[in-house]
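Single-letter residue listing:
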Amino acid sequence: MRLIRRGREGIMRDVSELKEAALRAYRAMCMARAFDVKVSSLYKAGKIFGGVFLGKGHEAISAGSAVFLKPGRDVYNPFIREMAGRCAWDESAVLETARSYFGSVHGFMGGKDGNVHWGMPAQGVPAPVSHLGAMLSVVAGMMFAKRMRGDRDCVGVANIGDGATSVGAAHEAFNLMAVEKLPIVVIVSNNQYAYSTPNSQEFACESLSDRGRGYGMATCECDGTDLLQTLGVMQRAIAAARAGEGPQWVVADTLRMCGHGEHDDASYIPDEVRAKYAQKEPLAVARRQLAEQGWLTEQEDAALQEEMREFVQKAFARAQREATPDPRILDWNAVSWKPERA
Amino acid sequence: MSVTYIDAIRKAMEELLEEDERVFIYGEDIAGKFGGAFKATKGLADRFPDRVRNAPISEDAIMGFAIGAALGGMRPIVEMQFADFGTLALNQMGNNAGAHFFRTGIPVNVTMRMPCGGTPGGGPFHSQSVEALFARYPGVHVFTPATVADAYFMLKQAVQIPDPVVFMEHKFLYRWLKADSWLEDDPLPIGRARIAREGEHATVVAFSAMTPEALQAARDLAEQSGYELEVVDLRTVKPLDTDTILASVARTGRLLVVSEDFPWGGVAAEVVSRVAAEGMHLLDAPPLRLTSKESPIPYHPDLWRAHRPSAATIAEAARYLISL
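As they're listed, the protein sequences go chains Y and B. Each residue of the first sequence is one higher than the last, beginning at 30 in this note's numbering. Each residue of the second sequence is one higher than the last, beginning at 356 in this note's numbering.
I should point out that these hints are in silico values taken from the structure, not numbers from a laboratory. Treat the hints with care, since some could be wrong.
[Claimed, not checked] Using 16 Å as the maximum straight-line C-alpha spacing, the simulated EDC-like pairs for lysine to aspartate or glutamate come out as follows: (1) K67/Y x E235/Y; (2) K210/Y x D598/B; (3) K367/Y x D405/B; (4) K67/Y x E339/Y; (5) K67/Y x E336/Y; (6) K76/Y x E291/Y.
[To be verified] Covered stretches of chain B (chain Y as the covering partner; in silico rule of three or more C-beta atoms under 8 Å from a C-beta of chain Y): (7) 427-434; (8) 449-458; (9) 578-588.
Keep in mind that this is a model prediction, so the values were computed, not measured. Quick reminder that beta carbons are idealized off the backbone N, C-alpha and C, glycines included.
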């Protein structure tokens, strides 16, 4: 196999073997973008309760990790900007996320929780809580359970952002993963803004890789907006974790092409930073790369975009029609077990 | 042969490990020859080296790890070294494990053992009773055993119950409380309070280490004054067995609630509030609370004894209640 050294981007393989993964990842990226466009317009029309959180600018690293995973065998822990990864894991993510936003009784949360909090723990996607860093140790526990139950060859991907690396719970979990040598790939998507706080006010180390090295993890940095580079890095990191080399730490630089949520106009991002986004827009980069490799024609791409718009439209139409929870019949009990009464 | 409260806890864990391969114990300093700060897991790592595991000093991650393992089909028992440090896992227990069944329909079968309560010389950070902090989160059960038999039976039940359970084991009782056996012929089901002593003049509701104190107070008062206190041992503060409490108050007309926790809020406040709301007509006198003082728990044994309710102060409070 031909290896290409690429400085801080790490090792790039000959990309021809990535064709199938790249096409699947690109499909998931387009699906997620179509979802984001739709959910944003619904939010602006006042049709969504609470917050809406987009993944614009994160699609390449997000899809580029999940595309190597298998539901039922592996674990995928989404952070708030992982719509593309959720779609790459299982395309039912579009309908399920729409259901989650509308509070459909047919969704995994049934309206008891919503937006990006939904999960399907039985299939390997835990349902995230809002406390940053809290899910990392949960992923560690899920992988430990697989080890104890004799499941081999599985891997967990744990997504987190630049800001969450400052949380105490995250530090505890990273250290624990490394101590137990668990097969986990930590993806630190660095979009340079933790809500409104820039990297300079979030951490003082030169690179977020320094943190990974401190835990004793193998570390790697990549341009998280570059699909082919991302796929190469993730394929290698996931293979290393599966092979028993312990947790892997991948820092992926991404773009904050949206507010923290749709309530936020992100006016704190300077214009000169935004001006550079156009050249690195993950879908445009991926489209160019796939065309260069001869893997996707313009016509095929146009057809894919149309298919994704329709797919998303149908999912939202269905979720919007579904029943919402009835407070008169809801069992408010938060426990599954109740005592016998005398 | 007599057995202690901590023997019962160790025995329960040993049997759980024997009976169910899904059970494992995770906590700080619990494995190897050491066997835990209080020796509750002494020798268990020799028999079950893979399932009695040392954790880094990371209470939050320990609990998150247990949640993940439970989602993966295991039945983790987490040992927090002291309940005072268990508060560092409050977010994982309350917001993550506690909310999980409501949010997803999937219960999280974790048991969190919390060595709690005061001992002479323990001081402000190795003595607290934090049951109310955990109990206020929906989705969490909180057990507070006060007998050797309950320590054994309730820990075994905690692991059978599919929801998160905070198991408050009192450090003062570990080696002080003894019984002939940890086995009971017919243990009360979980969620049922026990009438630990029958009496007609006032009801004293207690739990954990306050139960033996209340029983001593009842014996002393009967001998000195002829008043008979009915002592209700809550056993679990959540679920809270208000049926048994109200039935007792209906018989005695008077209520004293004793808790080792601080006075603001807490289990004592909850019991008084429920009895007032649901059984005001049963009361012949205002309900009374006896708790620790509104200050951090002091270090010196003389100060500590004065800070917490004792048999003497419970008897004094009961005498006052009966005089009303």
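How the hints compare with the structure:
1. K67/Y x E235/Y: Measuring from Cα to Cα gives roughly 38 Å; hence the hint is violated.
2. K210/Y x D598/B: Violated, because 50 Å separates the two Cα atoms, which is more than 16 Å.
3. K367/Y x D405/B: Status violated; Cα separation ~32 Å.
4. K67/Y x E339/Y: holds, 11 Å
5. K67/Y x E336/Y: With Cα atoms ~14 Å apart, K67/Y and E336/Y stay inside 16 Å; holds.
6. K76/Y x E291/Y: Within the cut-off at roughly 13 Å; holds.
7. 427-434: With 4 residues in contact (Cβ-Cβ under 8 Å with chain Y), the coverage given for the stretch 427-434 of chain B holds.
8. 449-458: holds (count 8)
9. 578-588: violated (count 0)
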